[in-house]
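Chemist: Read top to bottom, the protein sequences are chains A and B.
If you use the numbering used here, the first sequence corresponds to residues 1 to 200, in order.
If you use the numbering used here, the second sequence corresponds to residues 1001 to 1200, in order.
Please note: incorrect hints may appear among the correct ones.
[Claimed, not checked] Straight-line distance between alpha carbons at most 30 Å, and here's what the computed BS3-like set of lysine-lysine pairs gives:
#1 B:LYS1197 <-> A:LYS98
#2 A:LYS98 <-> B:LYS1139
#3 A:LYS139 <-> B:LYS1182
#4 A:LYS98 <-> A:LYS86
#5 A:LYS44 <-> A:LYS98
#6 B:LYS1086 <-> A:LYS86
#7 B:LYS1077 <-> B:LYS1065
#8 B:LYS1182 <-> B:LYS1086
#9 A:LYS139 <-> B:LYS1086
#10 B:LYS1139 <-> A:LYS139
#11 B:LYS1098 <-> B:LYS1161
#12 A:LYS139 <-> A:LYS47
#13 A:LYS44 <-> A:LYS139
#14 A:LYS197 <-> A:LYS44
#15 A:LYS197 <-> B:LYS1077
[Claimed, not checked] Residues from chain A that face chain B, not an exhaustive set, calculated with beta carbons under 7 Å:
#16 PRO132
#17 TYR136
#18 ARG138
It should be emphasised that the hints constitute simulated quantities derived from the structure, not laboratory data.
As the structure is a computational prediction, the values presented were derived from the model and not from experiment.
Ideal Cβ positions, reconstructed from N, Cα and C, are used throughout, including at glycine.
There are 2 protein chains.
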Amino acid sequence: MRISVLFSGGKDSSLSALLMEPLFEIELVTCCFGLLPNGELAAKTAKELRFPHRVLSLEREILEKAYEKIMKDGFPKSAINYIHEKAIETLASDPEVKFIADGTRRDDRVPVLSISQIRSIEDRLGIQYICPLKGYNRKTVSILVERYLRIEEGPSENTPKADYETELRELIRQRHGEEKIKELFPAHIQSHVLSRKELP
Amino acid sequence: MRISVLFSGGKDSSLSALLMEPLFEIELVTCCFGLLPNGELAAKTAKELRFPHRVLSLEREILEKAYEKIMKDGFPKSAINYIHEKAIETLASDPEVKFIADGTRRDDRVPVLSISQIRSIEDRLGIQYICPLKGYNRKTVSILVERYLRIEEGPSENTPKADYETELRELIRQRHGEEKIKELFPAHIQSHVLSRKELP
Chain A
1 MRISVLFSGG KDSSLSALLM EPLFEIELVT CCFGLLPNGE LAAKTAKELR
51 FPHRVLSLER EILEKAYEKI MKDGFPKSAI NYIHEKAIET LASDPEVKFI
101 ADGTRRDDRV PVLSISQIRS IEDRLGIQYI CPLKGYNRKT VSILVERYLR
151 IEEGPSENTP KADYETELRE LIRQRHGEEK IKELFPAHIQ SHVLSRKELP
Chain B
1001 MRISVLFSGG KDSSLSALLM EPLFEIELVT CCFGLLPNGE LAAKTAKELR
1051 FPHRVLSLER EILEKAYEKI MKDGFPKSAI NYIHEKAIET LASDPEVKFI
1101 ADGTRRDDRV PVLSISQIRS IEDRLGIQYI CPLKGYNRKT VSILVERYLR
1151 IEEGPSENTP KADYETELRE LIRQRHGEEK IKELFPAHIQ SHVLSRKELP
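Required output: the full structure, derived from the provided sequences and hints.
Modeler: Okay, structure coming up:
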């Protein structure tokens, strides 16, 4: 039973894959618009985690609509949620895909789908959507990550990651320069997974 | 890292334990008021699942308050939720217990704690509360159960199970007879886990 896990190379999507490993056949999927080498970056992490990996190209139009949203709102929430929803829809439209998962935690706000968005995707596209970390709080996730994964952390502008935000930031950099990014995205610590920790 | 999984011998709590098995040291805990041999029943299932098991006695006063609630309401929701909350609090007051889990699914309504009840228990009692199936819908749980567990199913009055409901039903039977049970509890299909399915 194969599950496609939306994979950014970050700790939440990596831990999600580890959690489902005993019950599903895992495939990691990284969504890209082609602005940055996100696919290669995530492929390297996937290899270290020992999971099969593929890159899914998303329509450039999705990024353009997300760009319109963030420029209109002045903050990234609805733009990122929009990309996330479209990424799941794109993946779900593959007839081979029956189960989709992502790294959403209990306390996450972005990207997160509402229960009605989830049910709509499941019903329309005939897939099951799973958030294996949805019942885990931030503290428990941190403890599990510390125990099972080797990570590097740093400010978001310097830490390589293959999530939706990096390409949206890149598009804004190209059109408006560095200053605009600082204005639109709150500064936060980003993490990137290096490998599994091998337990004794 | 030990986790105490609230265990009724049903498919949701069993699947929860299987899901967390690779990352935690599992202990199954069955809560009992002593009206029925729920502890022995659950111990037998736990042995088949190959997890350590213990019985936690709950204060009889909790059952009496739940009884008052169901008699007042005319349906079991708040009575069952009340027992569930008190069971987690009782377990959390054990200083050895740091992580508690249960079998709550995405679409469950009873027993289910609100996010503020969960945060209150975590903050007051210094534990982390995890619902490993919270991001799984009913259909996916059914598929996983079918694949990994051997179960028996039947109407709730005939299927042995070690959940809160069975002892609350028993108390009502003792005080008011069979008819009152049918009046208060909606008829539903109950399941009981027999063992793991050994995969080829």
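Chemist: Which earlier hints can't be squared with this structure?
Modeler: 3, 6, 15, 18
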